[in-house]
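Single-letter residue listing:
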Amino acid sequence: MALNEDILLDKAYKPLSESFAPLAQPNKQGPARGGIALKWLWRLAGLVLPALLLVGWYVVTEVTHSFAANQLPSPVRVWRTAQQLYSSGELYKHVGASLGRVLIGFSIGAGLALAVGIAVGLWQPIEGLFDPFLQALRNVPSLAWVPFLLLWLGIDEPPKLTLIAIGAFFPVYVNLVSGVRQVDRKLMEVGYIFGLSNFAQVYRIILPATLPYLLAGLRIGLGQSWLFLVAAELIASTRGLGFMLIDGENSSRPDIMLVAIIVLALLGKLCDTLLQLLEKRLLRWTDTFKGRK
Amino acid sequence: MKGSKLTLEAVSKYFPTEATLAPVVSDFSLEIEPGQIVSLVGPSGCGKSTLLRLISGLDRDYAGRIEVAGSAVTGPNPTTGLMFQEPRLFPWLDVTANIAFGLPAEHKNKKGQALVQELLEQVGVAGAAKLLPRQLSGGMAQRVALARALASEPGLLLLDEPFSAVDAFTRMRLQDLLLRVWQRYQPTLLLVTHDLEEALYLSDRIVVLTDRPARIQHIYEIEVPRPRDRRHPELLRLRSELLGELHLVNSVEMGETSSR
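Here the protein sequences come in this chain order: A and B.
Counting from 1, one number per residue, gives the positions in the first sequence under my numbering.
Counting from 294, one number per residue, gives the positions in the second sequence under my numbering.
None of these hints come from the bench; they were simulated from the model.
Quick caveat, the model's predicted, so the values are computed rather than measured.
One or more hints might be untrue.
Using 35 Å as the maximum straight-line C-alpha spacing, the simulated DSBU-like pairs for lysine-lysine come out as follows [claimed, not checked]:
#, chain 1, residue 1, chain 2, residue 2
1, B, Lys404, A, Lys186
2, B, Lys423, A, Lys269
3, A, Lys269, A, Lys93
4, A, Lys280, B, Lys404
5, B, Lys298, A, Lys186
6, A, Lys290, B, Lys423
7, B, Lys403, A, Lys280
8, B, Lys403, A, Lys186
9, A, Lys293, B, Lys423
Please work from the sequences and hints to get the whole structure.
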């Protein structure tokens, strides 16, 4: 800020908006000449490793023939299988089943975690009542639930959705509780000063302040949902990507198994990218280290 | 917006320590007329900020009587504003939304929007209306905090060392700004400060407090008319008197410490 003489002379105050101009410009100037192309190239950097892997896979299967086809089928073979599964509508059926389960199970689990996490974060008595029990449950491995869920809920959709919901619940819950507890007491005081109701304190201060934690929890929870989905589908199902894996194993078709694995990886990444975009949009306000360029 | 009268009568506040209750404020009485500017100065940790917290209603645990505009303080009151040492802006809201945060619930309408626009102009941040707090300098953030405090149209505005975290030139500008909005909206101002020049430049009265527990040691009436020249001889004279007085307070404190 330039030092203006009128400060020293105690002249009438003059609006400072103009002198704010340099500050008022967030870094909107693009990178220097040639930088834009480079920036776009960098966006593709994430493809380098998968591409290398693909080339290596191709070489060891199609060129050097180091692996038998019933052990590791070549990428060409896997691609053909994928095309067949796609045109027969089979792939669509399995992906649809799995995606539907994940979305429903995740919504239930994350929704419950949102309600319980906020309540536990807000009130210590509720924390004392719920948290020890939930922390104990959290440490039960996912597969340990499967026999009981099958016993109680049958072999249809309910046990699968429940398992996925369990997978989604804990990461969201744990992150949300610590998020609520790190809300700046000083900001809460501003809320008291303006006489906010308890409800307004939650949605105008606590929730926005907790958003970074909530979104991190949602991302981990969604990832867990996919893990738990496969655990559920491996055991009892007639449809879904987990079923494709088992089916491929039973019919000695490693190419089908690889299609399932690749589709799982792509779907998982797609879901995560969507949440990442949401994160980027909603958390523009954070003033944090973004990593070096 | 019109200034509220503030009355403190025999106010005492204790902090619980291990064995006993340590008095922070003891038998404190003060009356401030509507629209006056009063500064509290005194040694660090003497209980000035505690007094502000009591008056604002943030801390309800005290003995005695505190009245703002004739009604006893029982909790945060929409007509009493408090501006902190730090801006305490909500980082996820832009400047406009931060100011609008102070609007009373029934004002989320056109009238409220108009007031926010006016305050943006008044505190000189209209050019930054859409910026996020992380993009603001310290002085600018404090302007926004002042506008937010004014958005609730407070009759009494409490300021807890509001300009202590900015550089000297920005501070002088902010003091002028405070006087300008005070002239326009006429709230009663009660200011805690460590800066004697600030107290002298702004106040109608300066209340010098003793070390903890806070009691009134002396009240100075500043009769120099506004706008004041910071170099006015009367202000300079009062300044050296105040320095003497505060030095006395400090030396008593030091004497006590060394005799312990």
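Hint-by-hint comparison with the structure:
Taking the CA atoms of Lys404/B and Lys186/A, the gap is about 29 Å. The hint holds against a cut of 35 Å. Proximity of Lys423/B to Lys269/A is assessed by CA-CA distance (about 34 Å); at most 35 Å being required, the pair is judged to hold. Distance check on the hinted pair: Lys269/A and Lys93/A sit about 20 Å apart at the alpha-carbon level, within 35 Å; holds. About 34 Å separates the Cα atoms of Lys280/A and Lys404/B, which keeps this hinted pair within 35 Å; it holds.
Note on Lys298/B and Lys186/A: the hinted pairing holds, with a Cα-Cα distance of about 27 Å set against a maximum of 35 Å. With a C-alpha separation of about 22 Å, the suggested pair Lys290/A and Lys423/B falls inside the 35 Å cut-off, and the hint holds. Between the alpha carbons of Lys403/B and Lys280/A the distance comes to roughly 32 Å, so the proposed pair stays at or under 35 Å and holds. Note on Lys403/B and Lys186/A: the hinted pairing holds, with a Cα-Cα distance of about 30 Å set against a maximum of 35 Å.
Annotation: proposed proximity of Lys293/A to Lys423/B holds, straight-line Cα distance about 27 Å (limit 35 Å).
Violated hints: none; the structure is consistent with every hint.
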